[in-house]
Structure formats: structure tokens, C-alpha cells
Amino acid sequence: MFKLMKAVVEFFDKLEDHVRGSLSHFPIFYAIVGGIGVVLFWRGVWHFADEINLSSLGSIVIGTVVLLMTGLFTSMFIGDHIILSGLKHEKKVTDLTEKEVETERDMLKHIKKEIDDIEKDVDNIETKLK
Numbered sequence: 019m020f021k022l023m024k025a026v027v028e029f030f031d032k033l034e035d036h037v038r039g040s041l042s043h044f045p046i047f048y049a050i051v052g053g054i055g056v057v058l059f060w061r062g063v064w065h066f067a068d069e070i071n072l073s074s075l076g077s078i079v080i081g082t083v084v085l086l087m088t089g090l091f092t093s094m095f096i097g098d099h100i101i102l103s104g105l106k107h108e109k110k111v112t113d114l115t116e117k118e119v120e121t122e123r124d125m126l127k128h129i130k131k132e133i134d135d136i137e138k139d140v141d142n143i144e145t146k147l148k
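As numbered in the working numbering, the sequence shown has no gaps in its residue numbers, which increase by one up to the final residue, 148.
Errors might be hidden in some of the hints.
[To be verified] In silico DSS-like pairs for lysine-lysine, Cα to Cα no more than 25 Å straight-line:
1) Lys130 <-> Lys117
2) Lys131 <-> Lys32
3) Lys117 <-> Lys127
4) Lys21 <-> Lys32
5) Lys127 <-> Lys138
6) Lys138 <-> Lys148
7) Lys117 <-> Lys138
8) Lys130 <-> Lys32
9) Lys146 <-> Lys127
10) Lys32 <-> Lys127
[Stated by the list, open to error] If you anchor each label on the Cβ, the simulated ranges turn out as follows:
11) His65 <-> Thr115: 35 to 45 Å
12) Ile70 <-> Leu90: 14 to 24 Å
13) Asp68 <-> Asp135: 48 to 58 Å
Just so you know, the hints here were simulated from the structure itself, not pulled from any lab data. Source: prediction; values computed, not measured. The beta carbon of each residue, even a glycine, is placed where N, CA and C say it ideally should be.
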């Protein structure tokens, strides 16, 4: 059963990467598809809550507790990227030019490479110490 679940998760993970990569070239269409998915998901949640006769207050309380427990409360309503960019006094992603996005992506790749190199160095040091 665990292997089947793992295979299903891996399949959808690869599918998500492919779809996200394809749709990212068409942001308006991506937003429409994503919006439809979100609305249908919440419609299902709404109907389920109606079927189990969950009151409005019960919905608010349960929803708030779940969002607080998972750390999603502020990011759900504000967005963690917006909070971080505000703290760093950065431009919104929508205000960045394509060149700025590419530069930022290149910097992140460079930083990741440096971290990978440091990780290899630490592994080598650990091996020599053993």
C-alpha cells in the first residue's frame, strides 16, 4: 500500500512540474486555470460542510484553528512573499522586469551552487575526522 501511495505521489509531483512549467509561459491562462481549480475545491469544501450541518461559527473556529496550526493563517490572506518583500523593501514580482527576474534566478542558482560546495566540503571534513 505504501509503495502504491509513493508511486501516486511521485506521478502527481512530476505531472505538477510539467504542467506548472508549461502554464508559466501563459500567466493569464495559468491564473484562469488556477482560479477554476480553487473555486471548485472550495465549492466542494462548502458543500461538505453543509452536508455535515457545520454552523457558520463552527466553520470559522475550525478554519482558524487549522490555519493557525499549519502556519497558513497570514500567508493565506496576505501571502508570505508579500510579507517578505515588504520587510526587504523589494518590488512586487509583478513589477519586476524579465531581466530582473532572470538576474534573481541566476543569483539563486549561484547561491545554491555555493551551498552545495560547502556541503561537500563539510562531508569531506566529516569523512576525514572519522
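* What are the numbers of the hints that this structure violates, sorted from low to high? -> 7 and 9
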